[in-house]
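K.L.:
So you can see what is in the structure, the chains are spelled out below.
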Amino acid sequence: MLAEQQMWQYRVAKHLRRGVLYTVLLAGAVIMMLPFIWMITSSIKAPHEMTLRTIQWLPAVPQWQNYKIAWEAAPFEIYFQNSFLIAITVMFIEVIFSSLAAYAFAKLNFFGKNFLFLLFLGTMMIPGEVMLIPNYITMVNFGWVDTYWALIVPWTVSVFSIFLLRQFFLSIPHELFEAAILDGCSKLKYLITVMLPLSKPALVTVMLFKFIGSWNSFLWVLIMTNTPAMRTIPVGLTYFVSDVGSYYNYLMAASTFAMAPILILFLLLQKQFIQGIARTGLKG
Amino acid sequence: MLRIPMEMKTKKYWKQTFEAYMYLLPAFIILGMFSFYPVVKSIYMSFFDWSLLRERQYFVGLENYERILGDSVFRTAISNTLRYVIAYVPLSISLGLIVAVLLNSKIRFRGPLRVAYFLPWVTSSVAISMVWRWIYNQHYGLLNMMLAGLSSVVNTVVEFVTLGHVSGLWQFSNPNWLMEPRWTIINIVIISVWQSMGYNMIIFLAGLQNIPHELYEAAQVDGASPWQSFWKITLPLISPTTFFISIISIIGAFKLFTEIYVLYTGRPGPVNSGMTIVYYVYRNAFERYRMGYASAAAYILFAIIFIFTLVQMRASRRRIHYGS
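For the protein sequence lines, the chains are A and B, in the order given. Mind the numbering: the first sequence is residues 1 to 284 in this note's numbering, read in order. Mind the numbering: the second sequence is residues 1 to 324 in this note's numbering, read in order.
I should point out that these hints are in silico values taken from the structure, not numbers from a laboratory. Be a bit skeptical, because a hint or two may be false.
What the hints assert, rightly or not - For lysine-lysine, the following DSSO-like pairs were computed, each having C-alpha atoms within a straight-line distance of at most 30 Å:
no. : chain 1 : residue 1 : chain 2 : residue 2
1   : A       : K187      : B       : K12
2   : A       : K200      : A       : K189
3   : A       : K187      : A       : K200
4   : A       : K113      : A       : K68
5   : A       : K113      : B       : K106
6   : A       : K187      : B       : K11
7   : A       : K14       : B       : K106
8   : A       : K187      : B       : K15
Stated by the list, open to error - If you want the footprint, here are the derived chain B segments under chain A, 3+ residues with CB under 8 Å:
no. : segment
9   : 41-49
10  : 143-154
11  : 280-288
Since the model is a prediction, treat every value here as computed from it, not as a measurement. Every residue gets a Cβ at the ideal spot worked out from N, C-alpha and C, and that includes glycine.
Let's have the full structure, built from the sequences with the hints guiding it.
P.N.:
Given below as structure tokens:
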């Protein structure tokens with residue numbers, strides 16, 4: 001009898017604990033999602049629904065035209081084109097440059113290797129803000145202010161990517177490399193035909209990080225652009241605020257489409273993403 | 001690999017050196033132009049009265065540093081940044097760890113829950129700060145409306161429990177979150193914790209998976225409560241991850257700028273309550289064109305971050321448990 005009762009108590013306690021666990025996690029997730037939900041529902045509300053004193057989650061009639069109005073109120077088409085163009089270009093150039101550098105650090109023996117590697121890593125210690133001002137002056141001297149050059153070229157190398165790729169390259173057996181070289185395979189060919197295909201997960205991580213970093217980057221674009229023709233989405237969005245003021249339904253519509261590409265990309269590549277981040281943490 | 005035997009320093013070795021440099025060349029050129037050079041140039045500029053509006057620049061020695069350290073706005077910037085770092089870093093890390101530990105148990109919907117917690121991290125700070133500006137709105141914002149609802153629930157419950165003796169316990173008056181200086185840093189802390197917690201959670205989850213399950217089983221057999229297991233097993237064994245995350249978070253936190261800029265539409269909050277070190281650099285360089293002065297301020301930021309990182313490395317060296 002006693003054993004049965006204990007068993008029963010144990011089960012109740014277990015279910016209770018589960019229940020609490022689920023409630024806490026779900027409540028937390030709902031709180032995390034609230035700003036997104038509020039953004040989207042606000043974006044389809046009519047003006048008078050934006051000035052209610054009590055919470056109204058859904059609009060009486062969804063005002064989808066808010067998106068059209070917001071889209072046409074500022075040159076968002078140009079902002080999007082710029083953001084895509086810059087993010088994709090930076091992403092591809094960066095992955096090429098970083099792979100080349102990482103390959104040298106991982107597989108080749110050369111004079112000054114350790115020194116150069118430490119020099120590269122050292123730049124990760126220095127906050128970008130320290131380099132901001134001289135870089136701005138460089139851009140002025142090059143005549144690159146308000147051009148794509150300024151928004152692309154300085155971002156085509158990241159030491160973080162080089163480091164990440166090098167770690168991954170090191171994990172590929174060195175015997176493979178030696179055998180291929182003995183067989184007369186050139187080093188570049190080995191990189192392209194063996195190394196890179198084997199490193200797909202690391203490459204995807206590096207590219208994803210770069211794309212998102214570029215899409216969301218703000219301060220540099222803010223100081224490097226003067227005209228709407230060169231602005232990217234985040235910077236364009238801040239100018240949009242000063243234009244439409246407190247029409248929050250349009251602002252929320254604009255915020256929604258500004259986030260949409262990254263959110264879709266994330267939902268599609270969730271797994272690669274989360275594994276990539278876990279990788280950066282473990283190797284750091 | 002470190003020591004190269006003499007016989008390797010042959011023609012082949014130098015040939016390979018040349019080859020390696022070719023691979024490194026693109027990265028080296030870009031880093032040289034946009035990282036190595038500006039780091040040196042910046043310290044050089046910080047000793048000058050440097051303006052973009054004229055040809056000649058004037059050497060002023062340490063005057064920029066003296067003036068910055070004597071500037072009350074800079075002191076405000078330091079204190080605001082520090083208050084932000086002190087509030088944000090522990091909150092973001094501990095919440096990330098708690099959610100990671102909860103998610104690490106065998107539960108259903110782990111994937112979707114993980115996505116929900118992580119989603120804010122991928123979104124643009126600009127767009128999301130815009131959304132929070134709307135949430136913080138005094139009259140029509142979600143926050144005040146929810147707090148008003150909560151206060152009336154609390155009051156009703158209290159009134160009912162005390163049989164009507166206590167009524168109107170929580171007098172809710174719509175705080176104007178974005179206009180009152182005392183809320184500025186708290187507003188930003190809430191946004192940042194919300195945005196970064198999921199990232200910490202993912203890294204903690206990866207770390208938690210490296211802790212051998214047998215340890216927990218053994219502890220359970222010995223009669224340890226989950227609470228005890230957390231303090232005696234999880235926390236010590238996760239400490240390298242915690243250390244990594246805290247370094248990353250502190251460095252990131254010291255660079256606070258975008259959220260302030262967007263939440264307060266291009267101003268450092270009411271009466272400089274959102275003035276941060278990076279905002280100070282930005283304002284002096286790109287609104288006042290005092291490039292030398294701003295460079296000096298940027299170097300002070302670098303020094304502060306450097307000291308913090310160093311102190312943390314020292315302090316945690318003894319306490320971190322690196323498993324074999």
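K.L.:
Quick one: which hint numbers does this structure break? Sort them smallest to largest.
P.N.:
Violated: hints 4 and 5.
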